[in-house]
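Given next are the chains, with one letter for each unit.
2 protein chains.
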Amino acid sequence: MESLKIRPQVQEIIDEFLNEQKPILNGVSPAASQLVDFAREFLVGGKRLRAAFCYWGYKAAGGDSEKEILHAASALEFLQGCALVHDDVMDASDTRRGKPAIHKRFENLHNDQSFAGSKELFGVGGAVLLGDLMLSWADQMLLNSGFEFQALKRGKDLYDLMRTELMAGQYLDLYNQAKRGGDVAESFNVIRFKSAKYSIERPLQLGGKLATDDENLNKVLSDFGLPLGEAFQLRDDLLGVFGDPEITGKPAGDDLREGKRTVLIELAFENANPAESKLLEDLFGKADLTQHEVDNLREVLQATGAQNRVEELIEQLFQRSNEALSESNVTTEAKNALAELAIAATSRRL
Amino acid sequence: MESLKIRPQVQEIIDEFLNEQKPILNGVSPAASQLVDFAREFLVGGKRLRAAFCYWGYKAAGGDSEKEILHAASALEFLQGCALVHDDVMDASDTRRGKPAIHKRFENLHNDQSFAGSKELFGVGGAVLLGDLMLSWADQMLLNSGFEFQALKRGKDLYDLMRTELMAGQYLDLYNQAKRGGDVAESFNVIRFKSAKYSIERPLQLGGKLATDDENLNKVLSDFGLPLGEAFQLRDDLLGVFGDPEITGKPAGDDLREGKRTVLIELAFENANPAESKLLEDLFGKADLTQHEVDNLREVLQATGAQNRVEELIEQLFQRSNEALSESNVTTEAKNALAELAIAATSRRL
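Those protein sequences? They're chains L and A, same order as listed.
First residue of the first sequence? That's 1 in my numbering, and the numbers climb one at a time after it.
First residue of the second sequence? That's 1 in my numbering, and the numbers climb one at a time after it.
The following block holds chain L by itself, in its conformation from the complex:
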């Protein structure tokens, strides 16, 4: 896919960076260099969606410093690494992409070495620190991307806003889940900040800012990126409930066990008849759901029309995003790549 052609270069940049960090960690202690190895494993083979949006946002703005934008875009993969590792700690999720989550990796290390004390606490500690390192390495890589100061300053301001929105959005997610959900509007707010802005709109704009101070371009990228980001997260929520575990890398029904208050779920609560409401109340968020109970919940999500409604929303948001792109005057190359990315981000399988 042309739009994801940067994947091998992003991988190379991440590897080189980690190679440079390794002796520093090793200098503290060979034990600490384990952190680099875990980071490397964790960062292998991602979709590089955020990096790609950043890259094409830059291209859309007419930027042509290839080496620099590849480094800046790769920085987002470290930020995403932090978000995922810390997210798994906060959700106590034991798997990620079909493999043990990082805190589980540290727990296993604790087990294998017959260490003293609580292995759970050691697992959390290792994962918190690895996430902190990746969060730190992200801005380090961005600031060392080689752009001149004015471009970096514009980019870093946007990046700072994105980070704050991300953490606030994640907190809102925890909060809404704890208060047993809110309404459809609130659940939209979560996906806007935790996901849509962070995954698509802001990476595009970061690329744009690194190329130009044109505020018009910044707006175009938002008009295209924000609805697309919302559609992307709605698709992700559908996959979290109905997706094939082989493709999602998560056990079927995990989002239902976790009690994630998605737009899909809020719509079901809003439109449920008394029998459906009771079933939702009883089963949604139950940690030990059986496969049969997962199926029952899925049926309610269909019967209430929530699933169809989310599919409709995805379609509408996708169209709105597409129109913004068509009407814009970004370069043809970027337009084609962004249109391709838009399909990939909202299709049923990515």
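No lab work stands behind these hints, which were simulated from the structure alone.
Treat each hint with caution, since some may be false.
The list makes no distinction among identical chains, and a pair is therefore deemed to hold if it is satisfied within one copy or across any two copies.
Claimed, not checked - In the DSS-like style, the derived pairs of lysine-lysine whose C-alpha atoms are separated by at most 25 Å in a straight line are:
#1 286 / 5
#2 104 / 278
#3 179 / 22
#4 67 / 153
#5 104 / 335
#6 104 / 119
It should be emphasised that the depicted structure is a prediction, and the values quoted were computed from it without experimental measurement.
Once you have looked at the hints, place chain A on chain L.
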């Protein structure tokens, strides 16, 4: 104290920064703006030791951009905020400076609101995110301090190294504790990276780098700062065992219950006779130590000569640090302030 005269300005800069962040978080959700309030509470009234060392490192190098250095120095308080909040999660420490730790604050919020799900997990989640925010805000503040690009670039490179060393040092601390300690040399490595460099040497050098590219000054600040930092942490370890809870803000004996493998403890293990060894093996790291058992452990730390040896080490390191300062040609004003800070950092009460 002249050397800590910047404390009110640091407080003001932190407050202003948080005032600017509040509407951003509020825009995500009023619930999320709680994060700013917790950060504000947490960051009130610290000793500002790292900020002071950064400020005086800058002055030692002849820097005279007051507003800029105060902002850069204040950034370190956010980094320290992250380190403490995440540290308390990793150690499952419930108090900090005599008040509930941040994860406990979030647990209490969960309780007060009769939220659903695990309050412990909500507490950990809130604290991880607040730490991530403070870690992000630290480099944001540093990069917006107003220095010109070359100075910022030099400073940020040093800052990046410091962050990586800090996280690696903290991991080594967890690791050594889990493997039931190592030896005196290893425990020195932990205090070097987790504390001495991070608390004193690197903040001094950050200030220096923001003023000058003179490598000689950078070395002077290390020759003064590293032994001083080690002495500082050794004092802290003594206070953790023998200190007055009124002053340390931690329950007496908490470090002993936690099983912190400090230089003090490693020295005791190394020099214990069979009876003392048995007592150490039996009681050290026991989560429910009684006051009587704490007293027994304290006696062993005295009888083995470990306490005296640590006092001697503090004295030697302090002298070495002092000599490096005396022999240097930094400005008299800075020399006086640094000498004052050195005493404060290693005296029995700070």
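Evaluation of the provided hints:
1. 286 / 5: Neither, since 42 Å and 55 Å both go past 25 Å.
2. 104 / 278: Answer is neither: 35 Å inside a copy and 34 Å across each miss the 25 Å cutoff.
3. 179 / 22: between (43 Å within a copy, 22 Å between copies)
4. 67 / 153: For residue 67 and residue 153, both the intra-copy (18 Å) and inter-copy (19 Å) Cα distances are at most 25 Å.
5. 104 / 335: neither (42 Å within a copy, 49 Å between copies)
6. 104 / 119: both (9 Å within a copy, 21 Å between copies)
Against the hints set out earlier in the document, violations occur for numbers 1, 2, 5.
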